[in-house]
Amino acid sequence: MPEKQLIERILSGDKEAFRLLMEKYQQQVFHVAIGFVHSREDAEDITQEVFIRVYRALRSFKEKSLFSTWLYRITLNTAMNYVNKNRRRNLLTDASNSLMSLLNKSNEERDAQQKLETTEIEKNIQKAIDELPEKQRKAFILSKYEDLPQREIAEIMQTSEGAVEQLLVRAKKSLQKKLAHIVGN
Amino acid sequence: MKLDKQIEDFIRKEKEVKVNPYLATRVLAKLEEKNEPVVFGTIAPIWKKVAVAASFVLVIAMGLGLGSMVKGEKKYIPININDAHLENLNLYTLTDYEE
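First to last, the sequence lines map onto chains A and B.
Under the working numbering, the first residue of the first sequence carries the number 1, and numbering increases by one thereafter.
Under the working numbering, the first residue of the second sequence carries the number 1001, and numbering increases by one thereafter.
There could be a bad hint or two in this list.
Straight-line distance between alpha carbons at most 27 Å, and here's what the computed BS3-like set of lysine-lysine pairs gives [said to hold, decoys possible]:
1. A/Lys135 <-> B/Lys1030
2. A/Lys24 <-> B/Lys1018
3. B/Lys1030 <-> B/Lys1015
These aren't lab readings, by the way, just hints derived from the structure by calculation.
Just need the whole structure built from these sequences, with the hints factored in.
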């Protein structure tokens, strides 16, 4: 069914049409969300919130841009809000995890060295992505997690293609700088 | 190059995670649940009106209560008013003045 028709049906109160729309886009929204939070549960919470916002704001969608562009914008905003809101909570969780890992050190020592290293590398990459400045982070996630072309990222972020290119170059340099010690090992 | 590959591997691993197939159902249920405030919204103004009316009644009752607490003698001053002294109607009724 064409997207326009689907939206018209949703606006007339057809919830089944909304289910179809969600099923069409949920994986894309989820990919972007997981790029921000790196956790399945949190990414699902964000995806859920995104679709609730979409349902409420669908009437304000003027079709000046593609529906997917509008949806990605909502996803980026929702994900950033979620990250900012949960920053304090995550600090507390990290602290308790560190404490738990200290207490369970004897168990950890039994784990394979390879597995530990992989986890450590993943943690470092995750941290480096999370520490990118907001715009670089958004551009990086849209580019790497959704394989979107720079033109589409520029439209979503309401900026020029040149600016997106710069953001991606800076993001890459920043990651290389922060993760240089991994390659060194 | 090694670092790029590690980053790519990390992202690929995260992208392999599939969204819960029941997510759409969960969202629809949430929307149904959140529709409740719409129903509640029609009740809420009634409660507001009741609350406003109750506050008026309370203020009036308090005023009456405070008023009735005031004690003291009521002094009545007799006033004797004779309308005839207010204006001399003879000025208009006597014909002598017309000459």
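Hints, verified against the model:
1. Taking the CA atoms of A/Lys135 and B/Lys1030, the gap is about 31 Å. The hint is violated against a cut of 27 Å.
2. For a cut-off of 27 Å, the pair hint linking A/Lys24 to B/Lys1018 stands: about 14 Å separates their Cα positions.
3. A hinted pair counts as satisfied when its Cα atoms are at most 27 Å apart, and B/Lys1030 with B/Lys1015 qualifies at roughly 26 Å.
In summary, the one numbered hint that this structure violates is 1.
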